[in-house]
Each structure stands twice: as C-alpha cells, then as structure tokens.
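Those protein sequence lines, which keep their order, are chains A and B.
The first sequence begins at 1 in our numbering and counts up by one.
The second sequence begins at 1 in our numbering and counts up by one.
To be clear, the hints were calculated from the coordinates, so they are not data collected in a lab.
Don't take every hint at face value.
Stated by the list, open to error - Rough simulated footprint, nothing fancy, chain B against chain A, three-plus residues with beta-carbon under 8 Å:
1) 212–220
2) 224–233
3) 456–468
Stated by the list, open to error - Going by beta-carbon spacing under 10 Å, a handful of chain B positions derived as facing chain A:
4) Lys-33
5) Leu-60
6) Ser-75
7) Phe-76
8) Val-78
9) Met-103
10) Arg-111
11) Gly-138
12) Ala-179
13) Gly-227
14) Gln-228
15) Lys-232
16) Phe-262
Quick reminder that beta carbons are idealized off the backbone N, C-alpha and C, glycines included.
Next come the chains, spelled out residue by residue.
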Amino acid sequence: MKAVAIITLLILMLSQIQSAYAGDTAKEVLTVHMDENVEALIHRIGELERLVSELKRRVEELEAGRDAEKANTGGKLLSTRLRDYPALQGSNLWLSMRYAPWGLLRVVRLNGGTPKGQRIRNEQPQFETVQPSSSSAALGGAGLWQAMNPDISLIGGFAMRLGGKNPLGSYRGAALRSVEIALQAYADPFGRLDTFVEHTQEGTHICQAELSLLDPSVLRLPKGFQIRGGILLANVGKLNTIHAHEQPLADLPLLHKFFYSHPPEENHNSGNQNSDVSNLLRHIIEHGGHNFHGTGARISYLLPTKSPRQAHEISIEALNTHNLTFDCGSGRPLLLSRWRSFFELAPVEKTLDLGLNYGYGPNSFGGNTHLYSVDLTYRWRPIEAGLYRSLSWYNEFAVARQSGANGSRSATGFFSMVEYQFSRTFYLGARYDWASLPDSSAHGSGVSFALTYYPSEFSRYRLQLNRRKYSLLGTSWDLILEMTFSIGVHRPHPF
Amino acid sequence: MFSKVKMCAKPQLVLQIAIILLLPSVGHANAKKLFVVTTTPDLRYFAERIGGDKVTVTCLMHPRQNPHTVQPLPSFAVQMSHADLFVCVGLDFELWADQLLDMARNPKIRRGAQGYVDASIGIPLIEVPTGRVTREQGEIHIFGNPHYWLDPLNAKIIVNNIAAGLKRVSPGNSDYFEANRKKLIEEIEEILDETLKLAAPLKGEKIVAYHLTWSYLANRYGFKIIGQLEPKPGIPPSARHISELIELMKANEVKVILKEPFYENRFPRLIAQQTGAKLVEVAPSIGGDKGVNTYRDLLTNILGKLVEAITGCTTKRKGE
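Model the full structure from these sequences, guided by the hints.
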C-alpha cells in the first residue's frame, strides 16, 4: 500500500515537474515570439517615423512655396509626392483618378489585387495599357459613345472680287467660295476614315472619302506597305493633295485648272470651234480649280533607308475619274504612279521634296493619255525663328500626250510659286504659271501676287491680284479678297 | 559501315552548319539595341539614362525649336518606321505625332501598342481648362499645360513611364532598366534638393513670361507668373495688351521677363525698357543652351539665370 502511495506521489511530483518545465518552455517560446513581434514593430515604427518626417518636410516646402490662392493645386501636387511612398500609394492612385478619369477602372483593379504599395509601383506599367486611345476619350464627363464620335470640323471660305477687268464678264461680286465639312476618325486599330464633304457654287459633293489601312500586318503585307481606298485625291504633284483652304494662293495654278478640271456637263457643239473653246475656257476659269480626284485604290510603299534625313516612297493607284485629261467612262481606270524622294538639306530646317509622276488612262477622244509630270518643292523654316520666318517654293511641270480619233496632241503646263513668311502673322505669295488645254486648243499664262494675314491658326485673310492672258479671250485681271475660317478639330494636312 | 557513318554524319553536319549559321544571328539578336524615338530632347535624355547601352535613342525635335512649329517631315516617319519604342510628351503637345504614326506604318508603336509611351500618364496636371472650352480662349491645351517636365517630381513620373515602356518591349532587360531607373530617381531627388536650395531667393517673386511654358517650374520653386506677353496662348502680343502688361508689372514690381529663344525679342525688350525688368532668355529643353547636357544642368541653368536676374548674384552649376 505504501509502495502504491509512494509511486502515486512520485507520479504526481513528476507530472508537476513536467508541467512546470512545459510552462517554462512555453513562456520561453512566447517570449521569443514577442521579442520578434516587438522587433518588427520597432522596425515598422522606425519606417513610419521616417515617412512622417519626410512628409512633414515636404508639406513645409509646399506651404512655404505656395500661397493661399494655389491651395487647390497644392492638394493635387501633394498627391504626386505621396505616390513616391509605398505606404500611401493607394491614396495617390485614388487622387490620380481625378486627372485621368479614363484610367479609373484600372486603378480600382490595381488597388483590389495588390494591396502592397511596392507591388503597385512595380506594376505601374499597367497604367499605360489603358491609355486613352484618342484624345477626346480622355475628356471628363464625355460618355463612351460621345467620346467615340469622329473629329468634326467645318472650314468656310468666302471670296470677294474687289475690282478688275475680265473679258468673260460673268464674275460675281462676292460669293461663298466653299464650305468643307470633315469627319475624321480611326475606324479600328488598323485603319482610319477621313471624309470631306464640300459645298461650292456648283453643288455639294464628297471631295475625299479615304479609308486608310495603316497597319500592313493586318493583311499580312510586308512592312512599309499601306493601302488607301475610296474617293482619293490623286497622288500627282505637291499641290493636288492639299485642300483648297490650305493652298498657298486663293486659286489653283492654270496647270491644275486646265488639266484636271471637270468638263462642262452640257457641252453644246455650236459648230464654231473657237466659240466652243471659248465656252470651255469660260467654264474652266469660272468653275475649275477642284483637286484632281477619283474613286479607286492606292498602294504605297515606304522604302527602307539608312539615312535618317531622307525618305523615299513609291505609290501606284487605279482611279476612276472624269476630267479634261482622263475620262474613265469606258470603265477602264486610270493608272497613276508616283515616286517621291524627300531630303533634309539642313536638319529639320531646309528640305527638298522631289516627285516623279506617270499616269496612263483613257481620254474622252476614244484614245489614251500619257501624263508625265515632275514636281520640286523646297521649304525652309529656321529652327529658332520658325514662328516668324519660312519659305516654301513649289514648282511643277507636266506634259500630257493624248491620242484619239483626231490624231495625237500634246500639251504642257508649268508653275512656279513662292510663299514667304515675313512675320508671325503675314505671308507674301507670288506665282508665275502657264498651261494649255490637254487638246492644245487654247492656252493661258499669268502672274499672281498675294498678301495673307493669319490672326491665328484658325482664320485667314488674303488679298490677291491675278493678271492673266488667255488665247481667244484676251487679258484679265482681278483683285480678290478671300476669308477663311475653321472651327472644330481638323487634322493637319500631310507635309 | 562507312556508308552508315556517312549517313549519320550528314544530319550532324547539317545541324552543325545550321548552328554555325544561326549563331551569328542569335548573337546579333541579343546584341541588337532597342531603337527608341522620342519627340523632345528631354525625353531622349531620360530614355538614354534608363536604357543605357541597351538602347539607341533618337529625337525628332531640335532643342531650340518651338514645339508649335515642328513639321511632320517624312524623314521622321522613316525613323519611326523601325522604332521599337516611341515616347511622346502627350496632352496634344505634339499635334503632328499621330500623322507621323500613320505614315510610319509601324504597328509596334501605334497608340495603345506595347511600344507607345505617353510620358504624361500619371502627371498631376495644372491649368486644365474648366467649363466650356472654345477657340475664343486661344490655342489652349484642353488636357492641361503640357510643359510638365520642368518639375523634378514630374520627371520621376516620366522616368517611371519610360522604364515601364522599355520593360514591356524588352522584358529580358527588365532588371537592367530597373536598376538604372532607381539610380535616376535617386539622382532626381538629389536634383530636387539642390535646386530647391538654389531657387530659395525666388520664393514669392513675381515674374512675367512670354508663353505658358514655366507654370510647373513656378509651382515647384515658389515663384509666381503674373502675366504673359501673349494675351492668350498662341496669339501674338497686341499693343493694348503690352500696355496693360507694363502697368501690371509696374504695380507688382516685377523684376524679370522670362522667354524662350524661339520667341521674338522686340516686345520683351520694349517692356524691359519701360519697366526696368531684366530679360532672361533660356531654353526649356536639354541641349537648348550651351553646356546644358543633363536634367540637372537644365534646371540649374534656368533657375540660376532667374536667381541671377533677381538677386544680381551669379550662380555656378555643379562641377563648374
């Protein structure tokens, strides 16, 4: 019995000792754990103290450097500073949303998925993947559909004949020259659509509706290719791809008027050749002057070059058009090719643009026309004084060889035109030109001088004097005042 | 036996030849530098610093060129046609950029693509027009003032954006770019501290500028631009506006007229004569003034000239 009692006592003592030992061990473990926590807390407090002191310093700078008027802006700037501190990245992102509403969705997602500031900092690239795809999309308050609307602009031109002598005697005193409405936007990630509707005295027509496939990879085309289709401005010469309101002078050169004007809708044959030609000239002088355009497609290729100061491009297009040089009424299109070489003679400020053009297509005489032309453009805009001085010198020479039922005919045309900017708002222009009709039945030549005033980038006033001499019609001169206004978002024209 | 060996050797030989032929191309691919096109010299500087010897950077604009007169030359499009990364200021600062992107036919750098970097993303903007925006207000920037690189804190955001772009187009060099990014960020913080000390005399000063180029700089360094020679952005000065500006400057005792080299001198000199203010001409971009080759140089040059004009003391750049 004693033995049992002793054994029980020993077991109890042993269990007490064990429990006491176990308690000590647990305490030790607890102590070690607490020490670790305390160490981590101390470390964290140290970090926070550093942050707070740094923030205080920054806030003091802000307060010192800014007056009460800028209080709101100060808040915005403070947010920028906070973004540099990992612990405050979240609030920074939230504030950033005020500036970049389009990035709102991405910011919210970043906050939810990555609570730690440093991770957000590392994932900052993701911001860029949600950049607004067009400028208008970033506008606050604009709905999605509104933001997707195309850029719309309207350009109005008015011309007033102040005086002159004209053998045709049918000029109007003052008239709306043209109104152009442009609708322009990217259609998808691969292309864009630019549509220009023009209203003139002769009526309303679409002068350009160009669908451009800008990314060649979508059709598995080699790098450097580009395709355009629709109603295109023919890629011939330098001036033809410039719309009327951007032309250096109020009217197009005789070369463009005589070669590329549309013939009159009702061509009465009076039996008197001189009278018919006079009527045609009258029509061209009064109504001619549209850009050479047609319906078709163009493929162009930007040639690779090692020189960073050069560019070479070749383009081929098939167009369905109807003018004095080509008439595709038979259904056979005009084929037009252009080689363009561009050189920077002095980096950025002096450039030379050379174009060689060849066209082949049917004409209205039942034969074909070969069109050869060369254009040379020199431009100068000084680097520093580019806002106040510039010079553009355009030259173009063209030969059209027509064959048809009445045999072969050859016609030539030429112009040289210079535009000099002598102040921030004033330009002087001058032009000499001569050309004959493609069937060489009449010709004309003349000089023009213009003074242009640009109060801003979006309005223009131009005073122009034309003196021209036409075969069969005699001499004419005109003093024209032209006013042009632009509203809305208008994409710059190609250089 | 011999024929068997010959049979076995043929594929090996072909393989060896293939390896030999491929090796140079693989080596070339690894060694090939990224080609980066930036619109401004400042962006080029940051891209070069982050990209180091892994990149070749070219810039479209001249450092002394007015950004409003840049022409989208076809030769720019050729350079962009083989670019891996395109970095722009954004905020419609380069209205000509979209046209060049279209001409370049390079899907890698189109807007929204991996190789397109709008450096303005994340910048806290100032002078954002509110209410109805019309051209009656002049040639305004509807998204806000785009001259943000003149604030070192914004420069840090630019650096982050460019680094992110480089990492996207060359993930294999991410660590290298990240190391350079961190180094550059630290340097910009140093520049901030240095320039804050340098610009201390400018705090509270009122100056007049030609164009709204210096707003971010003024906000950071505590001076105030109370008027511009342009009555509205992009609109030339008129006689009436100049007369009003002279009165304003006299009333506020303005000591400095700040202008960029690409604006005319006639009106600033006239105003300086009438008011006794000093005319300070300084380029807002790296490389625009002699000896300005880094971001530190740029800020030190601008602020140094301003301090000199206000206090009459000449400041020295670091290292001089």
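Unmet hints by their number, sorted upward, for this structure:
4, 12, 13, 14
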